[in-house]
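Novice: One-letter residues, chain by chain:
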Amino acid sequence: MSAIAKQSKAAGKKRSKSQETWRRFKKNTRAVVGLGIVAVLVLCAVLAPILAPYGPNEQNPRNRLQGPSAEHWFGTDELGRDILSRIIYGARISMSVGLIAICISLIGGVALGAIAGYYGGTADNIIMRCMDVLLSIPTILLNISIVAALGSGLQNVMIAIGVSSIPGYCRIVRASILSLRDQDFVEASRAAGASDFFLITRHILPNCMAPLIVQATLRIGAAILSCASMSFLGLGIVPPTAEWGSMLSTGRDFLRDAPHVCIFPGLAIMAAVFSMNLVGDGLRDALDPKLKD
Amino acid sequence: MSSEKLLEIKNLTVHFESFDATVHAVENLNLSLRHGETLGLVGETGAGKTTTVKSVMRILPEPPAKIVSGEILFDGQDLLKLPIKEMRKIRGKQISMIFQDPMTSLNPVMTVAEQIAEVIRLHEKCSKKEAHKKACDMLELVGIRPERGSDYPHQFSGGMKQRVVIAMALACNPRFLIADEPTTALDVTIQAQVLELMKKLKAQYQTAMVMITHDLGIVAEICDYVAIMYAGEIVEYGTREHIFNHTGHPYTKGLFACIPDIFTEQNELVPINGLTPDPTDLPVGCRFHPRCPYATEQCAKEHPANFEIEPGHYVACHLARSGGNDNV
Amino acid sequence: MSETLLEVKHLKKYFNTKAGLLHAVDDVSFSIAKGETLGLVGESGCGKSTIGRAILRLHEPTSGEVLLDGTDVTKLNKQELRELRRKMQIVFQDPYSSLDGRKSVFESIGEPLIIQKICKTKEEYEKRVHTLMETVGLAERLVNAYPHELDGGRRQRVGIARALALNPSFLVLDEPVSALDVSIQAQVLNLMQKLQKDMGLTYLFISHNLSVVKHISDRIAVMYLGRMVELSDCKALFANPMHPYTKALLSAVPIPRLDVRKERILLEGDVPSPVNPAPGCRFAGRCASCMEICRKEQPELREVEPGHFAACHLIEQ
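For the record, the sequence lines run as chains A, B and C.
Residue numbering for the first sequence follows our numbering, beginning at 1 and increasing consecutively.
Residue numbering for the second sequence follows our numbering, beginning at 1 and increasing consecutively.
Residue numbering for the third sequence follows our numbering, beginning at 1 and increasing consecutively.
The hints are simulated quantities; they were obtained by calculation from the structure and are not laboratory data.
Some clues are possibly wrong.
[Claimed, not checked] Simulated coverage check for chain C against chain B, where a stretch passes if three residues somewhere in it have a Cβ under 8 Å from a Cβ of chain B:
1) 24-30
2) 175-184
3) 265-275
[What the hints assert, rightly or not] Derived pair list, reagent style DSSO-like, types lysine-lysine, alpha-carbon separation capped at 30 Å:
4) A:26 to A:290
5) B:134 to B:54
6) A:290 to C:122
7) C:18 to C:296
8) C:87 to C:18
9) B:133 to B:66
10) C:87 to C:75
11) C:247 to A:26
12) A:17 to C:120
13) B:253 to C:75
14) C:75 to C:117
15) B:10 to B:89
16) B:81 to B:129
17) B:93 to B:81
18) A:17 to C:117
19) B:199 to B:93
20) B:200 to B:128
21) B:253 to B:10
22) C:127 to C:75
23) B:85 to B:54
24) A:17 to C:122
25) B:10 to B:128
26) B:10 to B:199
27) B:81 to B:128
28) C:194 to B:253
29) B:81 to B:54
30) B:134 to B:85
31) B:199 to A:290
32) B:253 to B:54
33) C:127 to A:290
34) B:253 to C:235
35) B:66 to B:10
36) B:199 to C:127
37) A:290 to B:54
38) B:200 to C:78
39) C:127 to A:17
40) C:247 to B:202
Using N, Cα and C, we set each Cβ at its ideal position, and we do this for glycine too.
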């Protein structure tokens with residue numbers, strides 16, 4: 001009830017939901033740090049030509065596999081290319097692969113999961129059995145088959161990665177909806193004449209955000225790595241295009257002599273996943289009124 | 001009935017501490033109970049009833065709960081000072097507890113006879129077979145056919161499950177039984193069955209009992225003594241007759257006034273105004289004064305002490321002390 | 001008797017379960033006059049909540065008619081039903097699960113207005129929500145509060161305000177005070193009586209608590225295992241219960257008084273399963289005065305005295 005007392009400060013005024021969320025998000029230091037890192041990475045991607053000291057594909061055979069130095073902060077790779085510049089340029093592809101693939105799987109998974117969970121019965125059966133089929137095929141094989149069907153290229157790799165992780169989201173959403181569907185507040189809204197679409201978007205989905213956000217932010221790293229393995233198989237990014245995942249996999253051969261070739265792209269991926277995770281957790285908490293203040 | 005005290009709680013204070021606030025769950029509580037007696041502990045949600053009995057059993061989650069001070073004497077022995085190993089010997093054997101929700105207080109993957117036998121084997125040296133035999137006897141005692149002992153909890157209805165829970169609580173023939181709202185989750189006709197059963201068993205075994213309830217009807221039916229709790233304190237204590245016929249505290253009066261009476265016609269109920277106070281921020285003076293229709297200036301300043309308005313009938317109210325309470 | 005607002009005719013609701021057909025509500029008929037409160041009592045699983053939900057078509061009735069102001073609710077299409085929902089609303093038992101934890105008090109109360117597109121301007125909408133809050137006695141400062149910050153009584157007030165938002169004429173109150181402490185329970189009961197008087201509402205009050213039902217109802221219907229066993233004026237029911245189940249139910253209520261001692265009729269056993277019930281009277285298995293006919297033939301609800309209906313073979317003799 002002390003919370004009510006605090007409420008009285010804002011007597012009678014109605015704040016908008018987004019303002020409220022942002023106000024709570026700001027209070028969470030870790031989330032703000034995460035957002036800062038994401039902002040830096042996005043900035044790198046956008047301003048790559050300005051920020052990068054060298055071109056991403058500028059080779060310098062005399063400077064192969066050099067360790068970090070004043071000229072090359074992150075050292076150089078097996079072709080003498082500046083790793084820092086490649087990471088900055090790589091942010092463009094890696095970040096977009098991560099985000100777009102996640103968006104595809106989120107949209108697909110949420111829509112299918114919502115339909116399966118809310119309507120149940122035959123729709124549920126058909127959708128979930130399809131998901132089971134998708135789950136039973138090894139991810140890499142599934143990715144390859146989708147890319148094989150659609151043709152190689154970055155766009156299709158993103159679609160493949162997105163589609164292959166749909167079942168995870170679908171299951172999460174379906175499970176949450178099953179437990180929320182018969183709650184009294186949903187019934188109350190239905191009694192007021194709400195449509196199914198209204199119920200799902202206004203009541204049910206906001207209440208299953210928490211596990212979704214966690215799943216989505218954790219999967220970003222996996223998406224970047226999947227993209228790398230697709231590139232490794234020659235189905236994704238064509239060398240010499242800079243991309244974190246493929247830098248990591250080509251660097252593997254020199255791990256013993258020049259570990260920095262792997263370490264820096266690895267750190268970049270880690271930073272991306274870590275920061276997204278912080279932002280995701282912060283967002284989840286900020287959206288939950290129970291954790292307010 | 002021996003006049004010796006079986007349980008005596010002295011100055012018990014229990015707080016729940018979270019990082020930004022302290023909940024004063026029970027404050028300076030005194031209570032005693034003799035052999036074979038039944039005490040009704042009455043109060044609304046958050047009054048501290050369950051916290052009190054859980055501290056007797058020492059099953060409060062510590063932290064966040066913290067027994068700040070007090071003694072709980074059971075048979076002259078301070079339970080709060082006992083090592084946990086000794087305490088385990090007492091739980092279930094000397095003192096046992098019946099919980100509110102029979103649905104969740106039984107393990108769904110064990111048959112009911114196994115669960116009762118388990119309690120018996122914890123405290124008595126006997127073979128599995130003997131324990132099982134005794135478990136079946138207990139079931140019979142509470143009116144369940146012994147052959148149903150090999151059934152699982154989900155095969156029983158709510159009332160039957162509560163009977164099983166009672167059988168389990170009585171399995172080791174405890175001297176003291178704590179019943180935490182044992183019939184709240186049950187239907188009226190089933191509640192009547194369970195209450196009759198408890199009355200019968202109580203008379204048969206002379207078990208002392210503390211019955212937590214919010215239903216004054218149940219108190220009228222089964223309890224010898226009544227303690228009314230409000231915001232962590234006992235505001236009125238006396239025999240059943242004292243409480244029902246010479247109600248002393250304004251809160252108790254309020255409780256009676258807001259129950260619809262099945263026998264008389266009344267147009268409007270007289271609710272107690274306001275809400276139970278925030279336990280992290282209790283009012284100064286008498287804790288009930290912000291809701292009390294008779295509150296005076298003194299009530300807002302001074303915490304009322306217990307006052308014996310007639311032998312054995314204690315009321316914590318300034319008005320009772322000045323004697324003016326009966327007229328208001 | 002004044003004009004009938006709601007009439008339920010031969011309402012049935014069966015659920016398909018793995019064990020068989022669950023007869024939740026089996027051929028129940030009653031009517032409620034304008035401005036009246038009908039109390040519906042019974043123990044858990046007797047189908048009283050299902051009736052409330054079937055009337056609102058939150059559960060589709062298996063068969064039967066529900067006439068509200070002469071319109072058969074069960075035959076309406078989606079659009080018509082949506083319109084009709086303005087006239088009837090529901091208040092739920094559990095003030096915790098009946099509010100969306102992610103919606104503030106303002107949003108919860110205002111939601112029906114948005115769904116039904118009642119308000120033309122934002123100002124009108126805000127004003128309406130504030131008026132509703134005032135009607136149910138919620139302080140204005142709580143407008144941005146979230147359900148977890150409120151106690152049960154206040155949450156229930158939010159639930160009531162939400163139900164009143166569309167200005168309904170009929171409310172189903174599904175155990176609205178069962179989850180509340182007695183002192184708060186009295187506050188909410190008084191509020192509901194006041195609202196009924198001020199707004200001319202008609203209530204179907206569902207509860208298992210006989211003293212509460214007696215307090216608020218004009219007439220009372222007693223349910224047992226999907227069937228209505230007795231329906232009568234409130235006073236007559238308590239003065240002269242006819243059905244053996246009603247008698248047992250009344251005698252089982254613990255009375256908070258020492259001067260009233262009464263003979264208690266203890267019922268044997270438990271409520272049987274409503275799945276594929278045996279023919280005959282549903283109460284036969286627990287009835288002390290069960291006769292042969294009771295196990296064979298289902299007794300019909302009959303008017304024994306003017307306005308006092310009971311379904312029992314004993315009375316018909």
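Novice: Next step is simple, just say for each hint if it's right about the structure.
Specialist: Hint check:
1. A stretch counts as covered by a chain when three or more of its residues have a beta carbon under 8 Å from one of that chain; for the region 24-30 of chain C and chain B the count is 0, and the coverage is violated.
2. As drawn, the region 175-184 of chain C meets chain B at 4 residues by the rule of a beta-carbon pair under 8 Å; at three or more, the given contact holds.
3. For the region 265-275 of chain C, the stated coverage by chain B holds: 4 residues have a C-beta nearer than 8 Å to a C-beta of that chain, and at least 3 were required.
4. Under the criterion of a C-alpha separation no larger than 30 Å, the hint pairing residue 26 of chain A with residue 290 of chain A is consistent with the structure, at around 17 Å.
5. With a C-alpha separation of about 28 Å, the suggested pairing of residue 134 of chain B with residue 54 of chain B holds against the 30 Å cut-off.
6. The suggested pairing of residue 290 of chain A with residue 122 of chain C holds, with an alpha-carbon distance near 27 Å, which does not exceed 30 Å.
7. The straight-line distance between the Cα atoms of residue 18 of chain C and residue 296 of chain C is roughly 26 Å, inside the 30 Å bound, and the hint therefore holds.
8. Straight-line distance between C-alpha atoms of residue 87 of chain C and residue 18 of chain C comes to about 36 Å, which puts the hinted pair past the 30 Å bound.
9. This hinted pair does not check out: residue 133 of chain B and residue 66 of chain B have alpha carbons roughly 41 Å apart, beyond 30 Å.
10. About 16 Å separates the Cα atoms of residue 87 of chain C and residue 75 of chain C, which keeps this hinted pair within 30 Å; it holds.
11. Restraint check for residue 247 of chain C and residue 26 of chain A: not satisfied, since their Cα atoms lie roughly 63 Å apart, outside the 30 Å limit.
12. Distance hint between residue 17 of chain A and residue 120 of chain C is fulfilled; the C-alpha atoms sit about 21 Å from each other, no more than 30 Å.
13. Straight-line distance between C-alpha atoms of residue 253 of chain B and residue 75 of chain C comes to about 51 Å, which puts the hinted pair past the 30 Å bound.
14. A threshold of 30 Å between alpha carbons decides the hint, and for residue 75 of chain C with residue 117 of chain C the separation of about 24 Å falls inside it, so the pair holds.
15. Our distance criterion of 30 Å between C-alpha atoms is met by residue 10 of chain B and residue 89 of chain B, whose separation comes to about 23 Å.
16. The suggested pairing of residue 81 of chain B with residue 129 of chain B is violated, with an alpha-carbon distance near 36 Å, which exceeds 30 Å.
17. The straight-line distance between the Cα atoms of residue 93 of chain B and residue 81 of chain B is roughly 18 Å, inside the 30 Å bound, and the hint therefore holds.
18. Restraint check for residue 17 of chain A and residue 117 of chain C: satisfied, since their Cα atoms lie roughly 20 Å apart, inside the 30 Å limit.
19. Taking the CA atoms of residue 199 of chain B and residue 93 of chain B, the gap is near 20 Å; set against the 30 Å cutoff, the hint holds.
20. For a cut-off of 30 Å, the pair hint linking residue 200 of chain B to residue 128 of chain B stands: about 29 Å separates their Cα positions.
21. Taking the CA atoms of residue 253 of chain B and residue 10 of chain B, the gap is about 26 Å. The hint holds against a cut of 30 Å.
22. Restraint check: the Cα-Cα separation between residue 127 of chain C and residue 75 of chain C comes to about 35 Å, which exceeds 30 Å; the hinted pair is violated.
23. Between residue 85 of chain B and residue 54 of chain B the CA atoms are separated by roughly 17 Å; this keeps the pair inside 30 Å, and the hint holds.
24. A distance of roughly 16 Å separates the Cα atoms of residue 17 of chain A and residue 122 of chain C; the hinted pair therefore holds under the 30 Å criterion.
25. As the CA atoms of residue 10 of chain B and residue 128 of chain B are separated by approximately 40 Å, the hinted pair breaks the 30 Å bound.
26. Between the alpha carbons of residue 10 of chain B and residue 199 of chain B the distance comes to roughly 28 Å, so the proposed pair stays at or under 30 Å and holds.
27. Proposed proximity of residue 81 of chain B and residue 128 of chain B is contradicted: the alpha carbons are some 33 Å apart, above 30 Å.
28. With a CA separation close to 24 Å, the supplied pair residue 194 of chain C and residue 253 of chain B stays within the 30 Å bound.
29. For a cut-off of 30 Å, the pair hint linking residue 81 of chain B to residue 54 of chain B stands: about 15 Å separates their Cα positions.
30. In summary, the hint linking residue 134 of chain B to residue 85 of chain B is supported, as the alpha carbons are separated by about 25 Å, within the 30 Å threshold.
31. Using a Cα cut-off of 30 Å, the hinted pair residue 199 of chain B and residue 290 of chain A is violated, with the two alpha carbons roughly 44 Å apart.
32. Simply put, residue 253 of chain B and residue 54 of chain B have alpha-carbon atoms about 28 Å apart, close enough for the 30 Å limit, and the pair holds.
33. Between the alpha carbons of residue 127 of chain C and residue 290 of chain A the distance comes to roughly 27 Å, so the proposed pair stays at or under 30 Å and holds.
34. Restraint check for residue 253 of chain B and residue 235 of chain C: the C-alpha separation of about 26 Å stays at or below 30 Å, so the hint holds.
35. Between residue 66 of chain B and residue 10 of chain B the alpha-carbon distance is near 16 Å, which keeps this suggested pair within the 30 Å criterion.
36. For a cut-off of 30 Å, the pair hint linking residue 199 of chain B to residue 127 of chain C is broken: about 56 Å separates their Cα positions.
37. Straight-line distance between C-alpha atoms of residue 290 of chain A and residue 54 of chain B comes to about 28 Å, which keeps the hinted pair within the 30 Å bound.
38. For a cut-off of 30 Å, the pair hint linking residue 200 of chain B to residue 78 of chain C is broken: about 57 Å separates their Cα positions.
39. For a cut-off of 30 Å, the pair hint linking residue 127 of chain C to residue 17 of chain A stands: about 19 Å separates their Cα positions.
40. Between residue 247 of chain C and residue 202 of chain B the CA atoms are separated by roughly 27 Å; this keeps the pair inside 30 Å, and the hint holds.
The earlier numbered hints that this structure contradicts are 1, 8, 9, 11, 13, 16, 22, 25, 27, 31, 36 and 38.
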